[in-house]
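Please build the complex by placing chain B on the supplied structure of chain A, with the hints as guidance.
Heads up: the sequence lines are chains A and B, in that order. The opening position of the first sequence corresponds to residue 1 in this note's numbering, with each subsequent residue numbered one higher. The opening position of the second sequence corresponds to residue 1001 in this note's numbering, with each subsequent residue numbered one higher.
Keep in mind that the hints were calculated from the coordinates and are not lab data. Do not take every clue at face value.
[Unchecked claim] The list that follows gives simulated cross-link-like pairs (lysine to any residue, SDA-like), each with its CA atoms no further than 25 Å apart:
#, chain 1, residue 1, chain 2, residue 2
1, B, Lys1131, A, Asp22
2, B, Lys1315, B, Ile1158
3, B, Lys1127, A, Asp18
4, A, Lys60, B, Lys1131
5, A, Lys154, A, Tyr29
6, B, Lys1132, B, Ile1122
7, A, Lys48, B, Gly1125
8, B, Lys1299, B, Val1153
9, B, Lys1319, B, Glu1329
10, B, Lys1131, A, Val61
11, A, Lys33, B, Lys1117
12, B, Lys1298, B, Asn1142
13, A, Lys154, B, Asp1119
14, B, Lys1117, A, Asp37
15, B, Lys1132, A, Lys154
16, A, Lys7, A, Lys19
17, B, Lys1117, A, Lys48
18, B, Lys1117, A, Ser158
19, B, Lys1127, A, Ser63
Read off the chains here:
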Amino acid sequence: MCNRAEKLNVKTYNKVVDKHADGLYRFAYSMCKNEDDAQDAVQDAFSKLWERKDQVNQEKVKSYLFTTVHNKMIDLFRKNSKYSSVEVHENAAVSQSISPDLQEVLQSALNTLPEIQKSVILLRDYEGYDYNEIAEITDLSLSQVKVYIFRARKKLKSYIGSLDLVI
Amino acid sequence: MSIKIDISNYEVYVLDYIDGALPPDTRLSFESFLAAHPTIANEIEELGTLDLTLDQPKVEIDKKALMMELNGSSHIHEDNYEMAFAVEPESATVTEFVELNPKLEREARLYAATRLKPDPTITFGAKSELKKALPIWEGMSNNTWRAAAAILVLIGLISVLNNVEQVVYSPRQDVKDYVSFEDQMGAFETVTLAQSNAQDGDVKSMARTTQDMDTDELELLPKKVEQSTWSPGEIENRPTPSYAFQAPKIIENSSSEIAKPRLESDELSIAQLIGKEVLGIDPAKAQTTQALIKESAKKIIDQTDQLALDSEQTKDKRKIFRLKVAGIEFRRVRYLASN
Chain A
1 MCNRAEKLNV KTYNKVVDKH ADGLYRFAYS MCKNEDDAQD AVQDAFSKLW ERKDQVNQEK
61 VKSYLFTTVH NKMIDLFRKN SKYSSVEVHE NAAVSQSISP DLQEVLQSAL NTLPEIQKSV
121 ILLRDYEGYD YNEIAEITDL SLSQVKVYIF RARKKLKSYI GSLDLVI
Chain B
1001 MSIKIDISNY EVYVLDYIDG ALPPDTRLSF ESFLAAHPTI ANEIEELGTL DLTLDQPKVE
1061 IDKKALMMEL NGSSHIHEDN YEMAFAVEPE SATVTEFVEL NPKLEREARL YAATRLKPDP
1121 TITFGAKSEL KKALPIWEGM SNNTWRAAAA ILVLIGLISV LNNVEQVVYS PRQDVKDYVS
1181 FEDQMGAFET VTLAQSNAQD GDVKSMARTT QDMDTDELEL LPKKVEQSTW SPGEIENRPT
1241 PSYAFQAPKI IENSSSEIAK PRLESDELSI AQLIGKEVLG IDPAKAQTTQ ALIKESAKKI
1301 IDQTDQLALD SEQTKDKRKI FRLKVAGIEF RRVRYLASN
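Pulled out of the complex, with its shape left as it was, chain A reads as follows (with noise of 0.2 Å):
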C-alpha cells in the first residue's frame, strides 16, 4: 500500500505525462516502427496509470508505463502478422544499403532482433535502466535479462563489425 501523500493527484499525472510520453513513446516506436501501434501503446498505458493512480505509487510510475508499453508491444508482435521478422530483416537491408550512419544502420540493426533482446536493450540504452529494473519490467530473471542482452550486443556488433564503418 501507498502512502497517501505518495497518490497521484492530477496535478502529478499531468507532470508525469510531460515527463514520460516522449521517452515512452520512443521506445515504442523503437519496438514496432509505427507511429499508431506506438501512440495506442502510449495512451493505453496512461489510460491504465490513471485508471490505477490510487494504487501505483509515484516512484514506481516510470517503470509501471514502461511495463504496461512492453507488454503492449510483445502482445502486437505476436498477434500481429505484419510484425514478422522476415518484412523487418528485409527493410533493415535496405536502409543499410542508403545510409552508413552509425545510429541508423544500428536502429536498421535493431530491426532484425526478436522483439524481447529489442526491448530489453531499448530499456537498458534509451531510459539507463539497470539490469534489475529492467527484470522487473519484463518479468525476467536477472540472468535472462544479462543473456538476452548479451545476444542482442553480439548481433548488432555482427552487423556493424560487417561494414565498412569506422569504429
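Below, chain B alone, put in the same frame as chain A:
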C-alpha cells in the same frame, strides 16, 4: 491412394525403405516393385546391411591451441569476456582486461558501439490529450487566491456600504419593518428638529446637514419604525415608492453631537470597544456594528500585501471606492444626491 513405383522413380524411396520410414501403402508398392526386379532387390539388400561406421583413428584436438592466449583478470577471462564486453562495456574491469589484452580492443570497441542513442526528434505530439483537466482550486497560485479573496471582500464591502441605500421590503402584518432612504431623511429631520428645540433657540450653532455629512454618519441616523396599518391585500397592491431624492431642509440651531453620541463619554459601545481593543480602530469610526465591519475590512485589506482600499469624495458629488489588488484597481463610484 498408393504411389506407383517403377524403374524411373524407385531410387527416391530406397533410403526410406532401408530406414523403414515408408508409409505402409508406399512400402507395399515398393515391395511389389522389388519382387518384379530381383536384381535391384539384391542391391538394396546389400545396402541395408552396410555398416557405415568407419573405424577412424581418434583425433586429439589441442583445444588450448585453438584458444586465444589471454591474460585474464579476477572477473573476466577467456570464457566470459564477450559477455562482459556486451553487458558491462564501460566497467573498470573491462577496461583493465582490454588493456591487458590489446588484441581485443577492436572487439571491445565494437561492443561499446552497439549502444543505441534515443532520437530526441521522436516525440509524442498529443500530450494534451493524455492530460486531465485540473480542478480550478488546484491550478490557482497564491496571488490568485489573494485576488479572489479580495474580490469577495470587496463584494461583501459593497453590500455593507450599500445598506444605506438599500430598501428592504419584507412586510408582515401590522409591522412595518422596512427602511427606505426617505424614511431616513425624514427621521433625520425629526431628530434634528427635536434637538434644536431642546437647545432652546441656539440658532447660531450651525447644525450639519445631510449634504455635509458623509455616508458613515448617515448610517448612524436613527431609523423611524412605525406600526404598519396595511392589510396583507394592501401590501400586495402597494404602489412602488418613489426614490427621487428630496433635499433635506437646512436646519439651523442643530448640534453635531447627534453623529457622535458617545464620543464625549468614557463609555464605549460594544462595537467601539471591540474596534479599539482588538483591531485598534478609532472609536469614532466604529460607532455601530456596521461601521466596525467596514473599518475592520478596510484595515485588514490595507495591511495585506498588494491590497489597498481607499475612498474619496469628489467635489462633483461622487464617492469613489477603490480596491487595488496586485496592481489591478477595482473602482466603484457612488453618485451622491445633489440639489
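Now the hints, each set against the structure:
Restraint check for Lys1131/B and Asp22/A: satisfied, since their Cα atoms lie roughly 14 Å apart, inside the 25 Å limit. Pair hint Lys1315/B plus Ile1158/B holds up; C-alpha atoms about 22 Å apart against a cutoff of 25 Å. Straight-line distance between C-alpha atoms of Lys1127/B and Asp18/A comes to about 7 Å, which keeps the hinted pair within the 25 Å bound. A C-alpha spacing of about 19 Å is found between Lys60/A and Lys1131/B, which places the hinted pair at or below 25 Å, so the restraint holds.
Under the criterion of a C-alpha separation no larger than 25 Å, the hint pairing Lys154/A with Tyr29/A is consistent with the structure, at around 23 Å. Taking the CA atoms of Lys1132/B and Ile1122/B, the gap is about 23 Å. The hint holds against a cut of 25 Å. For the hint pairing Lys48/A with Gly1125/B, the CA-to-CA distance comes to about 19 Å; that is within 25 Å, so the pair holds. Among the hinted pairs, Lys1299/B with Val1153/B is consistent with the structure: their alpha-carbon atoms are about 12 Å apart, no more than 25 Å.
Taking the CA atoms of Lys1319/B and Glu1329/B, the gap is about 16 Å. The hint holds against a cut of 25 Å. Distance check on the hinted pair: Lys1131/B and Val61/A sit about 15 Å apart at the alpha-carbon level, within 25 Å; holds. Distance restraint check for Lys33/A and Lys1117/B: the Cα-Cα separation of roughly 16 Å lies within the 25 Å cut-off, and the hinted pair is therefore satisfied. Between Lys1298/B and Asn1142/B the CA atoms are separated by roughly 21 Å; this keeps the pair inside 25 Å, and the hint holds.
For the suggested pair Lys154/A and Asp1119/B, the alpha carbons sit about 22 Å apart, so the restraint of at most 25 Å is met. Restraint check: the Cα-Cα separation between Lys1117/B and Asp37/A comes to about 21 Å, which is no more than 25 Å; the hinted pair holds. The hinted pair formed by Lys1132/B and Lys154/A fails the criterion: a straight-line CA distance of about 44 Å is larger than 25 Å. For the given pair, Lys7/A sits about 17 Å from Lys19/A by alpha-carbon distance, which is consistent with the 25 Å threshold.
Between Lys1117/B and Lys48/A, the direct Cα distance comes to roughly 28 Å. Violation of the 25 Å bound is thereby established for this hinted pair. Simply put, Lys1117/B and Ser158/A have alpha-carbon atoms about 18 Å apart, close enough for the 25 Å limit, and the pair holds. Proximity of Lys1127/B to Ser63/A is assessed by CA-CA distance (about 19 Å); at most 25 Å being required, the pair is judged to hold.
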